[in-house]
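Chains as they are written, first to last, in full-length UniProt numbering: chain P, 1 to 642; chain F, 1 to 642; chain H, 1 to 642.
Heads up, a few of these hints could be off.
Here are the in silico distance ranges between beta carbons for each label pair [to be verified]:
no.	chain 1	residue 1	chain 2	residue 2	range
1	H	Gly432	F	Ala431	23 to 33 angstroms
2	F	Thr176	P	Pro51	16 to 26 angstroms
3	F	Ala431	H	Gly517	56 to 66 angstroms
4	P	Asp537	H	Ala593	45 to 55 angstroms
Computed list of lysine-lysine pairs in BS3-like fashion (alpha-carbon distance at most 30 angstroms, straight line) [as the list claims (entries may be wrong)]:
no.	chain 1	residue 1	chain 2	residue 2
5	F	Lys104	P	Lys104
6	F	Lys104	H	Lys104
7	P	Lys104	H	Lys104
Take a look, some chain P residues computed to stay more than 12 angstroms from chain F by CB distance [stated by the list, open to error]:
no.	residue
8	Asp92
9	Val231
10	Arg319
11	Gly342
12	Ala488
13	Val555
FYI, nobody ran anything at the bench for these hints, they're computed from the structure. Positions of the beta carbon are idealized from the N, C-alpha and C atoms, including for glycine.
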Amino acid sequence: MTEPTRSLGCCYYPEHWPRSLWAEDARRMAETGLTWVRIGEFAWSKLEPTPGDLRFDWLDEAIWTLGDAGLRIVLGTPTATPPRWMLDRHPDMLAVDATGHPRKFGSRRHYCFSHAGYAAESDRIVTLLADRYGRNDHVAAWQTDNEYGCHDTTISYSDAARAAFRRWLRARYPGTGNDGDIDALNAAWGNVFWSMEYRDFDEIDLPNLTVTEPNPAHALAFRRFSSDQVVAFNRRQADIIRARSTAPITHNYMGRITDFDHFAVGRDLDFASWDSYPLGFLEDRAGATPDQQRAFARQGDPDFQAFHHDLYRAVGRGRMWVMEQQPGPVNWAPHNPAPLPGMVRLWSWEAFAHGAECVSYFRWRQAPFAQEQLHAGLLRPDSQPAPGLEEAAQVAREIAQAPAVSAKSAEVALIFDYDADAAWAVQPHGAGLSYFGLVLDLYKAMRGLGLSVDILPATTRDFTGYRLIAAPGLMHMPGDLKSALAPAEAEVLIGPRSGARDGEFSIPVPLPPDFPGLDVTIAHIESLRPDCPAPLDQGGAFTGYCETLDGGAKVVERTATGAPALMRAGRVSYLGGWPDPVAARRIIAGLCARAGLDTVELPDGIRRRDTGTERFWFNHTERAVRVAGRDLPPISVTRELL
Amino acid sequence: MTEPTRSLGCCYYPEHWPRSLWAEDARRMAETGLTWVRIGEFAWSKLEPTPGDLRFDWLDEAIWTLGDAGLRIVLGTPTATPPRWMLDRHPDMLAVDATGHPRKFGSRRHYCFSHAGYAAESDRIVTLLADRYGRNDHVAAWQTDNEYGCHDTTISYSDAARAAFRRWLRARYPGTGNDGDIDALNAAWGNVFWSMEYRDFDEIDLPNLTVTEPNPAHALAFRRFSSDQVVAFNRRQADIIRARSTAPITHNYMGRITDFDHFAVGRDLDFASWDSYPLGFLEDRAGATPDQQRAFARQGDPDFQAFHHDLYRAVGRGRMWVMEQQPGPVNWAPHNPAPLPGMVRLWSWEAFAHGAECVSYFRWRQAPFAQEQLHAGLLRPDSQPAPGLEEAAQVAREIAQAPAVSAKSAEVALIFDYDADAAWAVQPHGAGLSYFGLVLDLYKAMRGLGLSVDILPATTRDFTGYRLIAAPGLMHMPGDLKSALAPAEAEVLIGPRSGARDGEFSIPVPLPPDFPGLDVTIAHIESLRPDCPAPLDQGGAFTGYCETLDGGAKVVERTATGAPALMRAGRVSYLGGWPDPVAARRIIAGLCARAGLDTVELPDGIRRRDTGTERFWFNHTERAVRVAGRDLPPISVTRELL
Amino acid sequence: MTEPTRSLGCCYYPEHWPRSLWAEDARRMAETGLTWVRIGEFAWSKLEPTPGDLRFDWLDEAIWTLGDAGLRIVLGTPTATPPRWMLDRHPDMLAVDATGHPRKFGSRRHYCFSHAGYAAESDRIVTLLADRYGRNDHVAAWQTDNEYGCHDTTISYSDAARAAFRRWLRARYPGTGNDGDIDALNAAWGNVFWSMEYRDFDEIDLPNLTVTEPNPAHALAFRRFSSDQVVAFNRRQADIIRARSTAPITHNYMGRITDFDHFAVGRDLDFASWDSYPLGFLEDRAGATPDQQRAFARQGDPDFQAFHHDLYRAVGRGRMWVMEQQPGPVNWAPHNPAPLPGMVRLWSWEAFAHGAECVSYFRWRQAPFAQEQLHAGLLRPDSQPAPGLEEAAQVAREIAQAPAVSAKSAEVALIFDYDADAAWAVQPHGAGLSYFGLVLDLYKAMRGLGLSVDILPATTRDFTGYRLIAAPGLMHMPGDLKSALAPAEAEVLIGPRSGARDGEFSIPVPLPPDFPGLDVTIAHIESLRPDCPAPLDQGGAFTGYCETLDGGAKVVERTATGAPALMRAGRVSYLGGWPDPVAARRIIAGLCARAGLDTVELPDGIRRRDTGTERFWFNHTERAVRVAGRDLPPISVTRELL
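Please put together the full structure from these sequences, using the hints given.
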């Protein structure tokens with residue numbers, strides 16, 4: 001069987017069902033047109049009911065049964081759900097929340113990334129699995145753990161985390177011998193302020209429960225450390241698997257989790273995947289206004305999924321899956337409506353349009369028990385088809401009839417940097433401001449102009465081929481990134497807050513952005529009440545955050561009070577505030593015009609995306625819409641060959 | 001003296017006042033027309049200032065003084081307020097909150113229902129009181145403890161609770177010998193999900209502080225256990241008293257406390273009583289909209305008290321008191337306005353109309369000190385009359401002139417089930433959804449149609465005499481309840497969420513409601529944003545929650561999009577969502593028409609209720625209202641003989 | 001050099017900068033026209049990097065360098081920021097929050113006022129500083145600690161606090177020998193209620209984590225104790241310094257901190273100073289409506305600073321500084337906009353108009369690191385001038401050209417009492433009600449009528465010279481205060497809630513206010529929903545809180561329902577509710593007319609203030625405003641000689 005370029009799959013839990021159902025389930029999956037099935041990622045208590053009592057027989061049979069039906073298997077490591085007996089071995093393995101409470105057994109992700117004992121248990125179970133299934137023909141991919149960071153589990157205030165943080169700091173501020181240089185840390189953090197100076201690394205505590213806010217350098221260091229712990233935990237699993245299997249390795253990232261560096265984890269993976277719950281994300285995570293939430297209550301934010309597809313395509317260095325695709329209502333959002341008919345198909349094609357190789361629905365059959373009993377599957381608990389099943393089958397048929405797929409780089413690049421997100425989280429300066437929100441707002445402006453976008457990590461140094469590069473809000477910009485951007489053969493948009501901090505979270509002198517060839521200085525900054533935007537003289541406004549800009553660069557836009565808002569030298573533009581949608585779209589459109597990029601004004605809910613050979617139009621609304629000479633039916637996917 | 005069918009009383013704290021005031025207070029109570037006086041329920045520190053040093057002399061005198069004035073006494077056990085020295089004996093007796101903090105001494109209800117040592121202390125003091133006053137002629141009733149569950153005290157996360165929970169689980173899942181069957185528990189809860197399987201009951205912790213939500217089966221089991229602990233605590237007191245006294249036993253339940261089974265506690269009592277604070281409840285507990293709160297700020301929600309009267313009449317198997325009736329402003333609500341003139345009288349008659357045998361005002365005289373110093377009494381702190389006193393006296397005169405009372409069952413039944421409330425609390429599915437709210441909304445619809453309603457427990461199997469039975473939201477419906485309802489000689493309304501879970505909180509297959517003779521299946525469910533209701537084609541809408549219904553039963557109502565909303569077979573109707581007030585009233589009215597029940601459209605604030613011989617009309621508004629040919633003056637009670 | 005009556009200064013941290021910058025900084029300060037420089041208050045880790053290793057050399061040099069440039073130094077004691085090593089000596093010195101969590105090292109103010117070991121450390125470092133610099137000519141004033149109470153640090157639930165509270169209670173309720181009289185405490189608090197009686201002072205715990213609210217008498221006692229701990233801590237520092245230096249001693253109070261008695265601390269100081277952050281305070285502390293916050297987002301509430309100036313002039317017994325004046329955007333409010341051009345000058349002159357001797361900007365140069373890196377200074381981090389610098393220089397020039405200053409008592413007095421604020425905090429009775437808010441609302445009414453106001457402590461007994469005295473909300477009024485006010489040769493306004501409690505927080509009998517010569521009784525009270533105000537028949541309304549008044553005094557105003565709202569006998573008026581702005585202004589205006597006081601109706605944002613020789617007009621708006629025959633330019637200060 002040759003691997004299809006675009007394929008479908010589902011998530012399946014054989015341990016939840018009688019063995020007698022497995023073969024029939026497998027047959028129906030294949031019949032539906034699914035190619036892949038992910039299994040195993042929460043099954044530790046069935047694999048090892050008591051310590052050392054290993055039970056692989058059922059998994060052997062499940063793999064054989066599914067494989068025999070022609071399905072290819074993604075095998076997950078079960079480390080997100082250590083069994084209850086693990087706590088007897090490692091009573092202190094639990095993560096600890098910011099108020100000091102251990103986060104107890106009884107759900108999932110109940111481990112601290114810094115706990116050495118649990119990391120060794122992870123090594124052990126992953127080794128056992130990889131030894132047994134590393135050469136199994138049916139196991140065609142591996143997934144490490146499950147949704148790192150979900151349920152706010154990246155950051156732990158445990159004793160293990162404190163000890164590991166001190167080690168991490170010693171390594172970051174190396175001294176002579178084995179110890180670090182505490183004076184270097186004090187200087188880097190500015191601990192002279194408020195007499196916060198340390199005499200030894202062992203005096204450093206975690207930055208929780210302080211009387212008022214901790215030193216932001218301290219807080220940022222702890223976030224960077226916490227991110228590194230996730231990277232290290234994942235790398236151990238990936239190394240063990242890779243030594244035993246040639247199948248590619250992925251991790252299923254969770255949407256809107258930004259508290260560890262997904263790019264860094266991704267460097268140890270073969271491809272990236274993510275879990276896409278458009279309705280589940282809408283209310284709490286997508287940052288939509290109440291009006292948008294109402295308008296798209298049954299469709300999801302049209303740009304939120306797209307952003308993640310583009311992000312994870314970058315995390316996977318070009319290779320991306322949706323490992324879990326919402327197939328109907330979920331159970332865990334504040335409100336859990338059903339998708340409109342056609343949305344499961346639309347979401348699937350949207351993922352393919354953005355480069356997904358596989359869209360895998362979560363889950364095959366709705367479980368009648370436990371936490372997710374109200375999470376829809378492709379089947380109901382009584383094995384009858386749920387509405388998503390036929391939409392999945394339709395997509396499968398459409399894939400089969402579609403011509404060959406060709407990927408293509410976009411001409412527009414948008415830099416996303418997890419370290420910048422951490423910096424903004426440590427110091428939003430104004431209530432509600434986040435880096436993710438700023439980047440998403442610019443992404444929405446691009447998408448509303450019909451642009452296809454590549455997201456790039458801040459480690460990128462070769463920008464060849466791009467005609468517009470936006471790097472908003474990048475609080476720390478290393479010198480070589482500035483050097484790489486300054487001569488780019490593209491329009492470059494930076495600001496606000498670009499280069500606002502050095503690598504240690506101090507304000508650099510000369511003042512930011514200190515960008516080569518751009519005579520702009522952020523003289524001072526302010527944050528604004530939501531009801532006090534700063535209007536721009538060409539329309540729209542800065543909201544939430546704005547800067548006072550000095551310098552000799554050309555003033556391209558001004559605020560209504562005449563202050564510089566957008567300044568430019570050559571191809572580099574600096575944006576001095578957080579633009580509202582009107583301003584963002586105009587500014588991006590202006591840059592596109594300079595770059596010779598084709599744009600189109602798209603109404604709310606209409607989006608387009610190009611691959612190497614196709615142009616897709618998506619109508620997320622319940623109305624037929626005419627745009628660019630085309631009639632787009634309600635809730636529809638329109639594919640044109642380029 | 002023969003017992004009046006309707007009587008008045010008050011709550012009195014002789015220990016708060018000089019002995020010199022007692023006789024005068026008693027004289028004025030009798031002069032006001034009060035018959036009953038409740039005393040003693042917070043007096044432990046005066047009865048036993050140090051362990052074993054018993055001081056009953058003052059209570060002897062108080063009882064004698066009050067009784068001598070012709071008053072009948074309700075004697076409360078003081079177990080809601082153990083003295084400070086109790087903590088020296090039982091340092092671990094305090095309840096523990098969900099974050100693990102012991103709930104300290106310094107107010108009241110500072111005990112964990114699972115603490116064996118405190119339960120023995122409760123036995124001891126109750127025995128002492130019952131031995132001494134069990135045969136006292138003046139002590140004509142007993143009250144156990146005070147307001148179980150008030151201040152969120154049903155559920156405790158203490159070590160004592162954990163140990164008792166494990167014992168409770170062993171008994172629920174019995175195995176061989178003394179231990180339980182842990183596999184049965186794992187299977188029942190679906191612990192295979194997320195590897196939550198236990199090897200032993202001692203591995204089970206309380207379901208707090210988990211990383212994300214615990215297994216709902218775990219959470220529901222803990223709520224059921226917690227309810228059982230209250231029942232057991234109360235039963236010990238009732239058994240002790242009953243062995244020593246022939247006076248009837250009650251407990252004063254607190255309004256809008258639903259986290260233990262009041263029916264189960266009630267089975268150990270001779271009658272039920274409750275504490276009615278219409279203004280105190282209005283903002284936080286009655287679920288009223290801001291507009292309703294403003295409209296009834298000085299009257300209380302017209303249906304909230306009525307619902308509780310009907311509920312506790314059921315809890316008391318026909319016998320109900322208001323043990324504490326708000327007589328003026330209280331001190332503990334977010335805002336504490338004074339009732340409109342006439343409301344104290346209206347509330348009193350409303351209670352009688354709903355079957356109260358006694359209305360007892362809390363309290364006789366406002367205390368100048370401590371937590372409730374701003375809680376009005378019938379007297380001011382300076383012993384001058386407060387506004388409530390004359391209204392109480394008026395009610396006393398009216399009672400004396402009224403003809404004999406006759407109770408009568410209603411023709412409309414509404415099932416209320418504490419276990420269903422717990423199930424919804426564990427899994428509301430949508431923010432803000434509660435079982436109590438759903439039942440209250442249907443009750444409001446019934447009351448707005450002028451119906452008198454009996455509330456029934458879900459243990460009812462004989463529905464003889466009812467012409468309309470509503471059982472909304474009953475997530476678990478035992479088979480014999482379905483069997484009892486299916487052939488009822490009444491219109492039966494079930495749904496939404498009826499029978500949605502088996503007894504272990506799993507979704508049953510065949511899918512719900514699986515009701516005999518009714519070909520309706522809940523294909524899937526969803527919860528809705530408050531600003532995204534699902535309109536019904538006959539007007540009104542489903543809000544918050546709705547279901548997709550399949551099956552061959554007749555579709556009586558549809559949503560605006562054509563989906564079945566109300567389905568029916570014979571006399572059984574299934575409602576597929578949470579109806580807004582317009583829909584709820586129409587649907588109930590339609591069922592009444594089918595059942596031949598007389599209805600009347602009542603405006604907001606106008607309510608009527610029938611007893612065996614009387615029809616009462618209540619106008620809660622400040623406007624004269626003409627309804628059904630009658631002119632109802634502002635804030636008025638109109639009584640007609642049937 | 002003679003001391004100027006009005007002067008400017010700044011806050012400077014030599015330890016944050018290379019020594020090479022100090023002389024140039026000093027020169028530029030002097031050049032700007034600054035006279036004072038405050039240093040040292042957070043420098044403990046630089047003065048004593050490890051215990052006992054004292055490093056005064058750098059401070060010697062800093063003082064010499066600054067003094068040599070002609071600057072006078074305010075030297076702060078560094079006790080708000082004990083170094084990390086202090087925790088090794090005193091692990092239990094941290095304050096504990098209401099949920100029992102120690103408030104950890106890592107920011108500032110991480111000490112409990114009740115910890116004896118830390119108090120001794122405070123003695124030690126203050127003694128060392130005073131010994132070394134007590135006779136230094138350049139050190140012209142001392143500041144104790146920094147912003148007592150900031151970050152909610154007055155109240156601590158530590159073990160040290162519990163032990164000290166018991167000692168404090170024993171002293172308050174003295175018995176025979178060394179122990180207190182526990183029966184006196186039980187009687188005073190009304191502990192008979194809910195069996196809260198104690199047998200010994202060691203049974204008394206802190207009033208946190210109780211099941212429901214603690215006894216308000218208990219809670220108030222703990223607040224009084226906590227306030228006394230701050231007073232005692234400060235007094236130790238003041239006594240040590242005063243024994244070693246003739247320079248005056250101050251403390252820099254933080255705005256809108258009311259949880260300790262600033263007057264009591266002030267009695268140990270030579271003058272008061274406070275830290276004025278008009279924009280920082282606007283959103284969370286000034287109680288402004290969203291509309292006002294938007295209108296004055298870049299100016300601050302026009303009355304909030306003025307109130308504090310008047311308050312601290314009273315705390316300093318006539319002598320007041322602004323020790324920290326916001327010079328640009330701050331970093332710590334929910335949103336941090338920049339002041340409008342001219343506001344730094346306006347704020348400075350406003351302070352002088354209200355009697356400030358010195359306005360000291362915080363800070364000289366913006367720090368590029370640590371918690372306040374986004375707090376503007378007079379200089380940017382790169383030492384370039386920030387916008388505030390030129391405004392400060394302008395004020396300096398204007399001071400130099402201004403005629404001699406003459407202070408004058410106002411004719412209007414407003415009593416502010418920290419104990420009353422504590423009483424309202426313990427028992428607001430209605431959500432959102434606070435004593436501070438009530439007093440500020442009346443102050444706003446006065447200021448809107450153009451009145452200059454003296455704030456007086458409740459300990460005042462000589463009211464000579466005042467023509468209007470307002471004492472709203474004074475829950476406890478000692479008899480001699482009533483006696484001092486009753487015969488005042490002024491209009492006296494009391495109520496609501498005046499004299500509502502005795503000194504132990506019981507309702508007195510006869511009922512309040514029990515004011516000599518005034519036949520008014522508060523029959524009962526109520527609190528109101530914000531959307532249910534009680535309209536007054538002359539316009540405006542009571543909001544939030546109102547009383548039912550009885551008695552024979554003249555009814556001056558009534559509610560729309562005819563109930564007495566304002567009653568009067570002779571010159572004493574009792575106000576029976578919380579007046580909205582319309583009512584407050586009318587009532588104050590009426591009293592002014594009776595008192596023969598000149599008033600003027602000032603629009604929003606326009607304020608005036610008189611000194612002995614000058615009349616100032618301030619326009620806080622961006623519009624030119626004509627008032628009383630004058631044209632006031634936008635954002636302007638207009639000074640007229642009287």
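Against the structure, test the hints numbered earlier, and report the numbers of the ones violated in rising order. none
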